[in-house]
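> Here the protein sequences come in this chain order: A, B and C.
For the first sequence, counting from 1, position 180 maps to 180 in my numbering; every step adds exactly one.
For the second sequence, counting from 1, position 68 maps to 68 in my numbering; every step adds exactly one.
For the third sequence, counting from 1, position 223 maps to 223 in my numbering; every step adds exactly one.
Please note: incorrect hints may appear among the correct ones.
Within a straight-line C-alpha distance of at most 20 Å, the following computed EDC-like cross-link-like pairs (lysine to aspartate or glutamate) qualify [stated by the list, open to error]:
| id | chain 1 | residue 1 | chain 2 | residue 2 |
| --- | --- | --- | --- | --- |
| 1 | C | K290 | C | D52 |
| 2 | C | K81 | B | E215 |
| 3 | C | K363 | A | E128 |
| 4 | C | K202 | A | E219 |
| 5 | B | K109 | C | E130 |
| 6 | C | K67 | C | E56 |
Think of the hints as simulated: they come from the structure by calculation, not from any bench.
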Amino acid sequence: MDSLPYYLQTVLNGVLAGCIYALFAMGLTLIYGVLNFVNFAHGELIMWGAYFLFLAISEPFALPLYAAIPVALVITALLGAAMDFAVFRPLRQANRLTLLIAAIGLSFFLRNAAQLFWGAEVQTYGFEIRQGYQWFGLYLTPQQLAIIVISVICIIGVYLLFFKSRMGKSMRALADNLDLARISGIHTERTILSAWVISSLLAGVGGILLALDTNLNPEMGVTNLIKAFAATLIGGVGNIWGALAGGIIIGLAENIAVLFISPGYKDAVAFVIMVLILLVRPYVVIGERRD
Amino acid sequence: MDLLLHLSIVIAIYSIFALSLNIEVGYTGLFNFGHVAFFAIGAYTSALLTLQGVPFSLSMIAGIGFAGAAGFLIGIPSLKLQGDYFGIATLGFAEIVRMILQNQVAWTKGPMGLPGITRPELFSWRFDTLPEYLVLALGAAILTFLVIGFLTLSPFGRVLKAIRDDETAAAILGKNAFACKMKSFVIGSLFAGLAGVLWAHYITFISPGDFTLTETILVLLIVVLGGKGTLLGPVVGAVVLIFFQESLRFLRLPPEWSSILGPLQQMVFGLILVLLMIFRPEGLIREKGKEKIDRD
Amino acid sequence: MKKLVVIASVVSLLVWFSVAPVRAAEDIKIGAAFALSGSIAVYGEGFKKCVDLAVEEINAKGGIKGKKIEIVYEDNKSNPKDCVTAVRKLITVDKVPVIFGPAGSSNFMAAAPVAQESKVVMLSAQGTAEKLTQAGKYIFRIIPSNSKQGQRLAKMAFDMGYRKLPVMYINNDWGLDLKDGFVTSFKKMGGVVTDIIPFDEKKTDYRTELLRANRGNPKAIVNLTYINEGAVQFKQAYEMGVKTQWLCGSAARAPKMVELAGKAAEGIMGTYPSVVQDTKAYQAFKAAYKKKYGDDKIPIFGDYNYDLVYLTARAIEKGGYTAEGIRKAMPAASKGYKGVTGDKTFDKDRGMQKADIGIWIVKNGKIEDYKK
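Generate coordinates for the entire structure from the input sequences, incorporating the hints supplied.
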């Protein structure tokens, strides 16, 4: 392998990781925008999304993949809605710490529930491993191609929904001022519900893509969620484009860094960038929304 | 009996740890999700120094001091952030600390950990056996309790609460919110460092794996369960939580159940947290003058 | 409010004391602080199966001098803090004189001082860290240390003609220790380590680490990895067209790894504290395992745990059922003792004198012993 493909492949790896982070970060930032709290349990939506697909394609259901994916996504969205209904709805008026801790509790609950059902062992969807397509010395597998294409589709979808639809308008209004939005006749609960559904769908899609590309385990959500936190912070609070940019930046930076520093510090890269951004441009994250 | 002593020591150390978090979370409204980093800095500093032959009294002070200094440094960029995002910044900081401990093998022995940390000796008193160590840990816990009690009941404590409840109003009244938050954060870090020092010299073996996010969440749980923003809350939380966890060992369930019981116990934990937040968010002990929950 | 606190404390105290164990005094109790929940619970379950099997066999043959063995399992939750608590509980509440210690070197080393201080024997069936037994004379292990495996791995790489290769290792106690063992020996032989790449546990994406290791297309890459991490890595390397000879350590040698990695695992080789599997003893163990659990996928280190029970039983028989007796009888009980995992004679550091390190290879989706 000579130099150019070596670096290009690294960039590609970075983009792939970045797409996954961005999908997670967008879901996270959506809920943050509307409800004003960091949903710690988002990682569990990711993980359960992947496991729902696992459930659907294995016995006794054994659905084919094209049928199983929509089923898994619908169930993930239902789980998200159920989370809101059971936990966050009673807490609409609560302060942030309360919400945050409830989310941590929920995350514990859901993660261990998955471990109870499937064990701590790693599972796999069991599709045959294939060598990637080779283009100009770069390798890309169908799953990875799917990650990039589907991420782009999701981003466009979220954009259209958020900025071009009535629902998106309501969401943005809600994010700006809950009480004012209510007075102006926006169905707040319905809007919040749709935010949960979209956020869960993003989580489910991300989780399934991640698991298709790698494996499933009960901690797959949490480990990636921390990066998604950093991505939202780097990109700016509650800002969809920021989440996207933050995800890609982290993905690229940590993969490129692996070539030059001890890979033991791979995970630190995201946080170091985060701290640098805080030092240089603190106003990015002081809480204004700049949609 | 030894088990009871052991648990009492663990409770005493975790009480200090929780008290130190409470001054940040409960009194000042700083959601510190990286509190374990200061615990780790205290533990590692003191352990490394004593292993080099530095007397315990000095290494303890160094451990506490380093933790406080780290709090000051990380406070500069992160205290500008609001609420949850302060939490994420501190979480990131804690991860960086853990990665340094893990990867700077030349200093810290990395994942191999530090075995053979000696039991402390203070003013020619050796705290070697369990009862002796319990005296030390309890003494430190009481001291922490008194200092934090004094601080929070003083005018300074009231300023902190004012900042927590309405930072803008406090600023208008002429209080330098940033400086006060910084003081609170550094004090919290100092005492977390103390807890870390006591932990390292009690367990006598530490490794980076002991200082993960799970530990922060456990101590946060203790604070919230006991009652945040109250003096006694963290102590009550530590006692209840640790006893509850350990009492499960005595239910004499067949070991086959363990693989189910582990996750089940964690599920119950999570559920308790959620229910607590819905039905009694103020925790076991309620803060005076805070009957109603307000939205920020 | 105070009522609630009082009630909560009273309830936990009641639970605490009311269920204190009452059991037959004549049984021989052995403690086992295993990981039954938490991050390495996968391993703990396997160890437990094999320990149970050995206990069942011994008891069926009349136990130790007519007394039955009973294992008191205590969950160590895969973290150092709970390891200490579990061991303390076994010592003070169950009053066992001998404990099978936690897996994972750092977990074991956190608990070892407790056993040493309380003068209770603690044994490890899978701790390979160099300094594992340094806490004192009550601490034993029945598996060769990493340095011996590292030497063997270096020799294997050298014998296969590799002089220059990069090393990847999992960034934990096991990986670091084995990496050091390998690198020291390999350099001594005159080999060159081109790059050293630590990687984190439990990640899903190792592509760039693999890319870096594969830079310049080395003929072989040493990868000291675990089951899950290995499966992900070999799969991703395969997808990226990495063609190299993988050389691994013992922790990747698991049917689960091959199952997860599929054909990407084909041809991978590695070292492991060897167990000559075609001995009569091993076949009998395998058959017994299959009979009890219905499959012949022996869990990783399961055979060592099986031996651990037999060896401990021998020591109890020789030295009596006290910690002091067991400790003193251990060297004699182990001398020349051949378990299913080979000769278990202790050396002066209470580790294994003989280190049979074997070589494994994945062939046709199965892990086999490598024969030249």
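> Take the hints in turn and mark each one as holding or not.
Consistency of the hints with the structure:
1. C/K290 with C/D52: holds, 13 Å
2. C/K81 with B/E215: holds, 10 Å
3. C/K363 with A/E128: With a Cα-Cα distance of about 18 Å, the restraint between C/K363 and A/E128 holds, given a limit of 20 Å.
4. C/K202 with A/E219: Between C/K202 and A/E219 the Cα gap is close to 8 Å, so the pair holds against 20 Å.
5. B/K109 with C/E130: Roughly 13 Å separates the two Cα atoms, so the pair holds.
6. C/K67 with C/E56: holds, 13 Å
The structure agrees with every numbered hint stated previously.
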